[in-house]
Each structure stands twice: as structure tokens, then as C-alpha cells.
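J.: Listed below are the residues making up each chain.
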Amino acid sequence: MPNPAKGFKPTYAIRSQGDRCINVDFGDAIHPDTGRLCLSASAIFRAAHLPGVFEIVPTYISVALHYVPTAENMANGCAYDTLSERIHELLKDGIPDFEQASKTVEIPICYGGVHGPDLLDIAKRINLSPEEVIARHSQSPAMVYMLGFAPGCPYIALLDPVFAIPRRDTPVTAVPAGAVVVANRQNMIYPSTLPCGWHILGSTPLKMFDLERNPPVLLSPGDHVAYRPISSEEYDHLKHMQSLEVSA
Amino acid sequence: MSFEVLKPGLLSTFQDLGRLQHQRLGIPVAGALDVNAHRLANLLVGNGAELATLEMNLFPPTLKAHASCCVAFSGADMGPRINDGKVPMNRPVVLRAGDEISFGTRTDGARIYMAVHGGFQLNSVFDSASTYLRSAIGGFQGRALKRGDVVDIHEPLSDIDLSVLAQELWDVKIYLKSSLVKKKTPKLRIIKSAQWDEFTPESRADLITQPFKVTPVSDRMGFRLEGPTLKLSQPRQMISESVVFGTIQVPVGGQAIILMADRQPTGGYPKIAYVASVDQPLLAQLSPGDTFTFSLIDIAEAQKLDAKREEDFIALQRQLQPIEELLKLATGAKHV
Numbered sequence: 084m085p086n087p088a089k090g091f092k093p094t095y096a097i098r099s100q101g102d103r104c105i106n107v108d109f110g111d112a113i114h115p116d117t118g119r120l121c122l123s124a125s126a127i128f129r130a131a132h133l134p135g136v137f138e139i140v141p142t143y144i145s146v147a148l149h150y151v152p153t154a155e156n157m158a159n160g161c162a163y164d165t166l167s168e169r170i171h172e173l174l175k176d177g178i179p180d181f182e183q184a185s186k187t188v189e190i191p192i193c194y195g196g197v198h199g200p201d202l203l204d205i206a207k208r209i210n211l212s213p214e215e216v217i218a219r220h221s222q223s224p225a226m227v228y229m230l231g232f233a234p235g236c237p238y239i240a241l242l243d244p245v246f247a248i249p250r251r252d253t254p255v256t257a258v259p260a261g262a263v264v265v266a267n268r269q270n271m272i273y274p275s276t277l278p279c280g281w282h283i284l285g286s287t288p289l290k291m292f293d294l295e296r297n298p299p300v301l302l303s304p305g306d307h308v309a310y311r312p313i314s315s316e317e318y319d320h321l322k323h324m325q326s327l328e329v330s331a
Numbered sequence: 139m140s141f142e143v144l145k146p147g148l149l150s151t152f153q154d155l156g157r158l159q160h161q162r163l164g165i166p167v168a169g170a171l172d173v174n175a176h177r178l179a180n181l182l183v184g185n186g187a188e189l190a191t192l193e194m195n196l197f198p199p200t201l202k203a204h205a206s207c208c209v210a211f212s213g214a215d216m217g218p219r220i221n222d223g224k225v226p227m228n229r230p231v232v233l234r235a236g237d238e239i240s241f242g243t244r245t246d247g248a249r250i251y252m253a254v255h256g257g258f259q260l261n262s263v264f265d266s267a268s269t270y271l272r273s274a275i276g277g278f279q280g281r282a283l284k285r286g287d288v289v290d291i292h293e294p295l296s297d298i299d300l301s302v303l304a305q306e307l308w309d310v311k312i313y314l315k316s317s318l319v320k321k322k323t324p325k326l327r328i329i330k331s332a333q334w335d336e337f338t339p340e341s342r343a344d345l346i347t348q349p350f351k352v353t354p355v356s357d358r359m360g361f362r363l364e365g366p367t368l369k370l371s372q373p374r375q376m377i378s379e380s381v382v383f384g385t386i387q388v389p390v391g392g393q394a395i396i397l398m399a400d401r402q403p404t405g406g407y408p409k410i411a412y413v414a415s416v417d418q419p420l421l422a423q424l425s426p427g428d429t430f431t432f433s434l435i436d437i438a439e440a441q442k443l444d445a446k447r448e449e450d451f452i453a454l455q456r457q458l459q460p461i462e463e464l465l466k467l468a469t470g471a472k473h474v
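Quick note, the sequences are listed as chains Z and R, same order. Residue numbers for the first sequence follow my numbering, so the first one is 84 and each next one is one higher. Residue numbers for the second sequence follow my numbering, so the first one is 139 and each next one is one higher.
Treat the hints with care, as some may be off.
[What the hints assert, rightly or not] Only part of the chain R face toward chain Z is listed, based on derived beta-carbon distances under 7 Å:
(1) L158
(2) Q159
(3) S273
(4) I329
(5) Q333
(6) W334
(7) E379
(8) Q402
(9) P403
(10) I437
(11) A438
(12) Q441
[Unchecked claim] Far from chain R, some chain Z residues (derived; all Cβ distances over 10 Å):
(13) A112
(14) L289
(15) D319
Everything labelled a hint here was simulated from the structure, so no lab data went into it. Note that beta-carbon positions come from the ideal geometry of N, C-alpha and C, so glycine has one too.
Use the sequences and the hints to build the structure in full.
T.: The structure is reproduced here in C-alpha cells:
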């Protein structure tokens with residue numbers, strides 16, 4: 084991956100979210116370049132140890148810096164102004180493309196059937212065969228941009244425009260852990276049973292969040308995922324193996 | 139060395155300052171809704187603000203102490219009682235083994251917090267003992283209290299003359315600034331969001347002139363309000379981003395929701411404004427049916443008020459130093 088010595092100078096905008104959070108926006112649409120920019124900027128902000136900042140959250144197009152008032156950031160009377168200046172300072176020479184400590188994680192998915200009840204409906208909507216939907220989904224380059232919604236729940240953008248499907252009109256009240264759901268060229272993988280307004284394409288036997296595991300989250304922002312279609316027999320087998328690991 | 143739950147009350151949970159530093163992993167923050175009351179109760183028993191307190195709602199529990207210890211109650215006045223006698227809010231109170239804690243009539247607010255010197259023995263997950271019910275993590279077995287639960291404490295009082303200690307604690311002068319204990323408010327101060335100008339002029343005017351009511355569909359995750367319908371001039375899809383306590387978001391339909399402690403870590407609804415940090419404890423003390431209005435302040439003013447609150451707490455901590463020293467002696471003696 085290219086790692087230019089001179090940083091790329093992005094356009095960005097700074098805004099406040101209340102009096103304890105400052106956001107830096109790097110775009111207005113979901114795009115891999117914008118996502119990478121957010122991750123790189125987060126790394127720069129984290130390394131800068133900005134006064135009062137205790138948490139930095141990258142999302143699709145924005146980075147949120149959560150902070151508290153301190154003597155240092157309130158020295159000129161307004162912590163937001165102090166932090167805005169520091170951020171401009173940090174970004175004035177551009178953003179080097181950070182080599183994230185990212186990994187590629189293979190996610191086995193059993194598409195369709197009981198594991199993906201919406202596969203046929205999605206296929207019909209986008210005029211593809213179910214097999215084509217599976218191929219397009221599993222071959223679409225996919226990166227984790229952010230975690231949110233519930234502990235360990237990854238938001239993965241899908242580059243293939245065929246997945247620009249609107250959300251469902253009426254949410255389903257309970258979708259099980261492992262569900263791979265899509266809408267608006269995005270894809271989440273459910274860490275636990277939760278309500279869902281997206282479409283269920285399939286299910287993975289892997290656990291996105293497990294407190295018994297260290298770290299409890301399987302995926303982190305910046306990770307790449309490689310989807311591998313599996314049969315329902317393999318799904319059951321992997322699920323069974325996992326339960327043995329837990330009890331071992 | 140413990141408290142036993144005789145009656146569980148409704149959704150009594152242990153809370154601290156929350157899981158602030160794991161939001162990027164999708165971990166919800168949780169934590170005390172009224173951080174002032176939580177912090178004050180801790181200071182009054184010589185604890186740091188990071189220890190968990192018991193957050194109790196409109197229907198508080200009945201508890202039995204199985205060891206002598208020192209507790210304090212802050213937040214909504216729900217008429218705390220030890221056995222048959224009333225005890226004051228916002229004072230350290232010495233309990234003897236066998237004492238029963240119950241509550242009488244609520245005179246204001248929605249939540250009362252109980253701290254115990256040395257803290258409760260709880261389950262810490264991602265550096266916090268806050269109970270997060272939706273994922274069943276933290277606190278006492280990841281859930282609200284149930285009848286028969288026995289919750290251990292870290293620092294019971296040693297075998298000393300408790301009436302002497304009670305007198306010494308009573309002699310400590312406690313002066314509380316009204317800004318740290320104020321509970322009822324008809325007006326919450328808010329800061330404009332970056333999307334403020336995208337709302338219709340009527341929506342913006344209504345937000346700061348019309349009354350809003352807290353509906354019964356309100357919980358630790360968010361308060362749903364009933365009030366004027368708020369609208370974007372041009373409806374548009376927002377992209378999910380990190381969200382904060384006090385966000386006034388506007389879903390389709392136009393009835394505002396204020397995000398509270400158990401909010402999801404990210405959200406994609408349009409936001410019109412944010413409740414200033416200094417007024418968030420006042421918001422937390424509202425009950426379904428309460429009405430209030432919003433008034434605008436700018437971010438510099440909000441941050442000055444927030445910083446002033448921090449100074450007041452630090453000053454209070456110094457003032458209450460004698461309590462911490464008395465209780466350290468009273469719990470440390472057993473080790474000698």
C-alpha cells in the first residue's frame with residue numbers, strides 16, 4: 084500500500100457536538116478514501132494527546148473527539164476554540180496515510196434459507212439470481228469503518244452499488260447474533276439478538292462480541308473482511324466447534 | 139459485609155461514570171444519569187467519583203445492612219429512612235449491622251443515589267462497573283436488583299464505637315452550593331447543533347419558546363418528548379456518527395428524543411441541539427409528565443459553566459476531607 088512521505092491535504096470541517104465533543108468531518112458520503120482518512124486522522128489525534136480528550140471515535144465521514152474541560156484547554160476561556168486550533172495545527176501539513184494495525188479476517192457466511200431469510204427478496208429487488216447476489220456480496224471489497232449500534236457491531240461499507248437497497252419499512256423486532264444484514268451499501272454483523280431495519284442476507288457462526296475472549300471484539304475499525312460462502316452443514320459444524328472451545 | 143435486598147424496587151442498578159473510553163468499539167457508555175448526585179454521594183462518604191453508587195428510581199428498594207458501614211443519599215429526596223427514623227439527604231450516615239434502609243415520600247426529582255464508603259463489590263467490564271441492562275454487563279450480575287440479592291461491600295466499619303463516629307461525622311460542616319444539588323428546573327440550557335440551520339424557522343422558534351413534556355416512553359437510553367413537531371427544511375439521510383449524552387435528535391415524525399446514559403454509541407438521526415453538560419443532571423431528574431422549556435446558550439458560556447461546576451466539586455472535595463480521614467481510620471482499625 085502506498086505510504087506517501089508527504090501527507091495528503093484533505094478538506095475538512097470542524098463542528099461541536101454539545102460542549103464536550105468536537106467533530107472533524109472529512110466528507111459527506113461513504114467512500115473508502117474518506118473512511119481511511121478518518122482512521123488516519125484518528126491516529127494523528129490520538130498520538131497528539133490533546134488536552135482533556137479522553138476518547139476518539141472514527142466513523143464513516145467524521146472523527147469525534149470526546150473531552151472534558153481542563154485548566155489547559157480552558158486557558159483562553161473556551162475549550163472548543165483551543166481544540167479547534169490544535170486540530171488545524173495538526174492537519175495543516177496534511178495526513179500521511181497511516182499503516183493501520185489492521186488485519187484481514189475471514190468471515191464464513193451461510194447465505195439464504197433460515198440463515199438469510201431476505202436473500203430471495205433482495206435478489207428479486209435487484210434483478211439478480213440468489214447465486215449472483217452471494218457472489219457479488221462475498222466478492223465486494225469490504226472494510227470495517229466503525230463499530231456502533233451495540234457492543235462489537237461492525238459497520239462495513241460495500242463497494243458494489245448493487246447493494247444500495249433502502250432499509251425495510253417495518254423493522255424486525257429480534258434478529259439473532261451472527262446475522263449479516265445489508266442496506267444502503269452497508270453491512271452489519273449482529274453481535275447479539277437485536278431489532279433490525281435492514282435485510283438479512285445470511286449468518287456467520289463467528290461471534291462479533293464475546294466477553295470471555297480477549298479482546299472481546301472480533302473486528303476493529305480499519306480491518307478488512309473476506310467473506311467466504313459456506314453450506315448450512317459447515318455453519319452447524321463451525322458453530323458446534325465454537326461451543327466446544329468455550330466449554331474447554 | 140454486605141447488603142441484602144429485601145424489596146428490589148424498580149430498575150435499581152449500580153452505576154459509575156460509565157465506559158467512556160471504549161466507544162470506538164461500539165461499547166455503550168452507560169453510567170449514572172445524574173452525575174452530580176452520583177459524585178456528591180461518593181464525596182460524602184470519602185470516595186472518589188469513579189466508584190459505583192446505587193441508582194434508584196421512582197420506586198426505590200428496601201435494603202438490609204449485614205455489616206456496619208457509612209452511606210450517603212443524594213439526588214431526588216425520596217425520604218430515606220433507617221429502620222423507623224428519617225435520615226437526612228446529603229450527609230454521611232452510619233449504619234449498624236441489621237439496619238434496614240427504606241424510603242418514604244418522594245418530594246422532588248426522579249432518582250436517588252446511595253454511596254457506601256469503600257464501594258460495592260461489583261463486576262467491572264471495560265473499566266467500569268456500570269450496569270448496562272441491554273447487554274447484561276457490569277454492576278451486580280449485569281442486571282437490576284432482585285429480592286434476595288446479597289451485594290458485598292469493600293470497607294465495612296471496624297469494631298469501634300459507632301455512636302462516637304456518627305457524632306464526629308455530624309460535626310463536619312457541610313456547605314453545599316445550590317448549583318450542585320439543585321433538582322427542579324423549568325428551563326434547560328441547550329447549544330445549537332451544526333444542523334441547526336437545516337431545521338425550518340418554525341421548528342427553531344418552537345424549540346426555544348414552546349413547552350416540552352417527558353413522556354412515559356423514557357428510560358436510561360433516551361427521553362422521548364412530547365411537544366411541537368420539529369422538521370428539517372429538506373429531509374435528508376444522515377450518516378451514522380458518534381453521539382453524546384444530551385443530544386436532542388429528531389426522528390421521522392418530528393417528536394424529539396434526548397439521548398441519555400444508555401444511548402447507543404453511534405446514531406444517524408438529525409440533531410437540532412444538545413443539552414449543556416451543566417444542565418444534564420437537571421434533565422436526569424425529570425419524570426414522565428414533567429414539562430420544561432429550552433433556552434439557548436453559546437458553547438463558550440456552556441464550557442465556562444461546566445468548568446465552574448468542576449471547580450465547585452474540587453472545592454467541595456477539600457471541604458469534605460475530614461469525612462474521608464474519619465472513615466479511613468474507622469475502616470482501617472481492623473488491620474492493626
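J.: Hint R/E379 vs chain Z: min CB-CB distance below 7 Å?
T.: Interface hint status for R/E379: holds (4 Å vs cutoff 7 Å).
J.: Given R/W334 as an interface hint, is its Cβ closer than 7 Å to any Cβ of chain Z?
T.: Not OK, violated: R/W334 not within 7 Å of chain Z, min 10 Å.
J.: Given R/L158 as an interface hint, is its Cβ closer than 7 Å to any Cβ of chain Z?
T.: holds (6 Å)
J.: Can we keep the R/A438 interface hint, with Cβ of chain Z closer than 7 Å?
T.: holds (4 Å)
J.: Taking the closest pair, is the beta carbon of Z/L289 still more than 10 Å from chain R?
T.: holds (16 Å)
J.: Taking the least C-beta to C-beta distance, is R/Q159 closer than 7 Å to chain Z?
T.: Nearest chain Z Cβ about 5 Å off; hint holds.
J.: Hint validation: R/I437 versus chain Z, beta carbon distance must be below 7 Å. Holds or violated?
T.: holds (5 Å)
J.: Could you let me know if the closest chain R CB is still more than 10 Å away from the CB of Z/D319?
T.: holds (26 Å)
J.: Please check whether R/S273 passes as an interface residue: C-beta within 7 Å of a C-beta belonging to chain Z.
T.: It holds, given that the least Cβ distance between R/S273 and chain Z is near 6 Å, below 7 Å.
J.: Measuring from the C-beta of R/Q333 to each C-beta in chain Z, is the shortest one below 7 Å?
T.: violated (9 Å)
J.: Can you verify the interface hint for R/P403: is its Cβ closer than 7 Å to any Cβ in chain Z?
T.: OK, holds: R/P403 within 7 Å of chain Z, min 5 Å.
J.: If I take the minimum Cβ distance from Z/A112 to any residue of chain R, is it greater than 10 Å?
T.: Its Cβ does come within 10 Å of chain R, the nearest being 8 Å, so this is violated.
In terms of the numbered hints stated before, the structure departs from hints 5, 6 and 13, listed from lowest to highest.
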